[in-house]
Amino acid sequence: MNELCDLEVHINGHHTLHLHQSVMCAFSGRLRTLVKQEKKKKKGGGRKEAVSINLAGGFPGGADGFELVARFCYNDGRVLLCTSNLPLLHCAAVSLEMTEEVCACNLLAQAEAFVNGLYYWTWGDVLAAVRSCEPFAAAADASGLLDRLISALFSKITGATPGPGPGTPNRSSSSCSSSPDTAGLRRSSSSANKTPDSMRPCAGREWWFDDMTSLSPPTVEKVMRVLGCYGVENKNLILTRFLLHYLRAATRRPPALEREGAALAGLAETAVHGVALVGGTAFSCRGLFWVLRIVSAVGLSRECRHKLERLMGLMLDQATLDDLLVSGDDGGGVYDVNLVMRLVRVFVASEEEADAPSERMRKVGRLVDKYLGEISPDQGLKVSKFLAVAESLPDSARDCYDGVYRALDIYLESHPALSLEERTTLCRCLNYEKLTLEASKDLAKNRRIPPGVAVQALASQQCKLHISEPGPGGSATAAAGKERRPDPSSCSQSQTPRRRVARRATRSVDLGRRSGGDDDEKELLRLNLQRMQSRVVELERACKEMKGQMSRMAKGKSLSLSFGSGAASCHQTGGRGLPRLC
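All letters in the sequence shown, in the order written, are residues 1 to 582 by the UniProt record's numbering.
Think of the hints as simulated: they come from the structure by calculation, not from any bench.
Remember, predicted model here, so these are calculated numbers, not experimental data.
Ideal Cβ placement from N, Cα and C applies to all residues, glycine included.
One thing to keep in mind: the hints can contain errors.
The calculated lysine-lysine pairs, modelled on DSS-like cross-linking and capped at a C-alpha distance of 25 Å, are [as the list claims (entries may be wrong)]:
1) 382 - 370
2) 363 - 385
3) 370 - 445
4) 441 - 370
Restraint ranges, calculated between C-beta atoms of paired labels, are given here [as the list claims (entries may be wrong)]:
5) 544 - 424: 28 to 38 Å
6) 534 - 326: 46 to 56 Å
7) 113 - 147: 32 to 42 Å
8) 326 - 433: 28 to 38 Å
9) 142 - 384: 30 to 40 Å
10) 12 - 338: 42 to 52 Å
11) 379 - 424: 12 to 22 Å
12) 75 - 249: 40 to 50 Å
13) 36 - 75: 16 to 26 Å
14) 15 - 104: 24 to 34 Å
15) 155 - 50: 41 to 51 Å
16) 451 - 249: 56 to 66 Å
17) 113 - 301: 42 to 52 Å
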C-alpha cells in the first residue's frame with residue numbers, strides 16, 4: 001500500500017499505532033464514528049491531515065489486542081481463530097463494533113461462530129480460554145463470553161467419564177486420576193445432604209481441583225456466582241471442598257493484590273457458609289480446625305468466624321491437643337488462647353442442661369489441662385489468661401486437679417518474676433480436696449508456692465485422709481477429740497489467721513496420730529506439715545520483732561527531737577539487726 005498512514009490510534013495512553021483510515025474504518029463502526037468526529041473538528045484545513053484518535057478506558061489486550069485486529073483488517077477480513085486468541089479477538093471486536101452492519105462476515109460474526117463450538121473443545125482448551133480472559137475480565141464479562149466459557153467448563157466436569165474419549169476433558173496438568181462425582185455440581189444439587197468419608201478433613205479431592213487453582217481469585221468468584229453458589233447461597237459440598245483446596249493453594253502463593261485479597265476473603269466466607277450447612281456430618285473436629293486455619297489466613301468476618309467456632313465448640317470433646325495449638329496473631333502470646341476460651345464457653349453452654357457431668361465434659365477437662373501445661377512456658381501468657389483458661393470449666397469437669405497443678409508449677413517456674421500476690425492469685429484455680437497425695441506432697445515442698453497456700457492444701461489433704469480412712473476406733477477418737485476441742489471464746493484475740501490455720505492443722509495431725517495409722521505416706525505428710533508450721537511460726541516471730549523495733553525506733557526519734565538525746569536512741573535501736581525472714 002503506497003498511501004501514507006493517515007490514522008493515529010493511541011491505545012490506553014501508552015502505545016500509538018499508525019494505520020490507514022480506509023482499511024480500519026471498513027471493518028470498525030467505532031473507528032468510523034471517531035474519525036468522522038475528528039474531521040468535523042478540523043474542517044477548513046487546506047490539506048489532508050492525519051486523524052488522531054484515543055482509545056482510552058482499557059482496550060482489551062492493549063496494543064497486542066489492537067494489533068491482532070489490525071492484522072484482520074489488513075488481511076481482508078481473514079484471521080486464524082484458535083482457543084488461545086478467541087477471547088481477545090471476541091472482546092476487541094465487541095469494543096470496536098465490528099458487526100455485520102458494518103461489513104459482511106466481520107470479526108465478531110466469525111468469533112461467535114467459533115464460540116458456538118466450544119462444547120466440543122477439550123478440558124484444557126476451555127480452561128486456557130477462561131484463564132486468558134483474566135487480563136480483560138471486565139470486557140469478557142460485559143460481552144457475556146466469560147459466562148459461556150464457565151458454563152462450558154463445568155459441563156466438562158459434569159459430563160466427564162472415567163475413560164478418555166471424544167468430548168471428555170483433556171487433563172493437561174497433573175491431577176488425580178479418579179473420576180469426579182459430578183452430580184453435586186448442578187445448581188439444585190442435593191449434595192449437601194451427603195456425608196462422604198473423604199471429608200475428614202478433605203481427602204480424596206476431585207480430579208479438576210488442581211487444574212482450577214491456576215485461576216485468579218476474581219475469576220473463581222465469578223465462577224461461583226455463575227453457578228449460583230456464592231456467599232450464603234453456597235449449598236454445594238463439592239464446591240465447598242474445592243474452595244478450601246483453592247484457598248489452601250492461594251495462601252502458599254506470594255501476597256495477592258488488593259483486589260485479589262478482597263476476592264479471597266469473599267471466597268473464604270463462601271466456604272464457611274458451605275461448611276456450616278453440613279456441619280459435623282461431613283467434617284470432623286480436626287477438619288474444622290483445618291478449615292479455620294485456612295480461612296483465617298485470608299481474612300474472615302466476625303459473623304462467619306462465630307458460625308465456624310460454634311461448630312467447633314460443640315465438637316470440642318473430639319479435639320486433640322494438636323488441634324488446640326493454633327498460633328496467635330494478636331501479639332498476646334505464641335498461641336491463640338482466646339480462641340480456646342471461646343470454644344470452651346460454647347461447649348460448656350451446650351452441656352449446662354445436663355444434671356450430672358458427662359463423660360464428654362470430663363474429656364474436655366483433661367484436654368484443657370493438657371493445653372494449660374503446653375502453653376504455660378509462654379512468656380507472653382499473662383496471669384489473667386492462665387486463670388481464665390483454668391477456670392473456664394466448672395469444678396465438676398475434673399475428678400482430679402493434678403493436671404492443673406502441674407501446669408501451674410510450670411508457669412511459676414517459667415515466670416520467676418511474679419510477685420507473692422500474683423502467685424497467690426494463681427493458686428486460686430486449685431481445688432485442694434481433689435489433689436492426689438503425691439501432688440500434695442510435691443506442693444508442700446515447692447518453694448514457688450506461697451506458704452499459706454501450702455498449709456491450706458496440706459490441711460485439706462490431711463482432713464480428707466482422716467475422714468476417708470478413720471481406722472478402728474476412729475469415730476470414738478474423733479468424738480474424744482471433739483470433746484477436748486477448746487472453746488473459741490477462750491482463745492486470745494491476738495491470734496493471727498496463720499496461727500489458727502496452723503492449730504487446725506496440728507489438731508488434724510494429732511487426730512491422725514490417734515487413729516493409729518502407721519503408713520509411711522501419712523508419716524511423711526505429717527513431717528511436711530510440721531515443717532510448714534515451723535515456717536509459719538518463724539514468720540510470725542520475725543514480724544513481731546520487726547513491729548517492736550519499729551515502735552522503739554519511732555519512740556527514740558520523738559525523744560531525740562524533744563531532748564536532743566538522738567545518740568542514746570540510736571544506740572538503743574541499732575544494737576540488733578533485723579532478723580532473716582526465712
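Results for each hint:
Distance check on the hinted pair: residue 382 and residue 370 sit about 18 Å apart at the alpha-carbon level, within 25 Å; holds. Among the hinted pairs, residue 363 with residue 385 is consistent with the structure: their alpha-carbon atoms are about 21 Å apart, no more than 25 Å. As the CA atoms of residue 370 and residue 445 are separated by approximately 23 Å, the hinted pair is consistent with the 25 Å bound. For the given pair, residue 441 sits about 21 Å from residue 370 by alpha-carbon distance, which is consistent with the 25 Å threshold.
Range check, residue 544 to residue 424: about 22 Å between beta-carbon atoms, so the 28 to 38 Å window is missed. The hinted range of 46 to 56 Å is satisfied by residue 534 and residue 326, whose Cβ atoms lie roughly 47 Å apart. Taking 32 to 42 Å as the suggested C-beta distance range, the pair residue 113 and residue 147 does not conform, at roughly 18 Å. As the Cβ distance of residue 326 to residue 433 is approximately 34 Å, the hint placing it in 28 to 38 Å holds.
Checked against the hint of 30 to 40 Å, the C-beta distance between residue 142 and residue 384 comes to roughly 56 Å, which is inconsistent with it. The supplied range of 42 to 52 Å is met by residue 12 and residue 338, whose beta-carbon atoms lie about 49 Å from each other. Roughly 21 Å separates the CB atoms of residue 379 and residue 424, a value that falls within the hinted 12 to 22 Å. Against the hinted window of 40 to 50 Å, the Cβ-Cβ separation of residue 75 and residue 249 comes to about 42 Å, which satisfies the hint.
For residue 36 and residue 75, the Cβ-Cβ distance of about 25 Å falls inside the hinted range of 16 to 26 Å, so the restraint holds. Checked against the hint of 24 to 34 Å, the pair residue 15 and residue 104 passes, with Cβ atoms roughly 30 Å apart. A C-beta distance of roughly 49 Å is found between residue 155 and residue 50, which places it inside the suggested range of 41 to 51 Å. In this structure the supplied range 56 to 66 Å holds for residue 451 paired with residue 249, their Cβ-Cβ distance being about 58 Å.
Evaluation of the 42 to 52 Å hint for residue 113 and residue 301 yields a pass: the beta carbon distance comes to about 45 Å.
Going down the numbered hints, you'll see the structure goes against 5, 7, 9, while the others check out.
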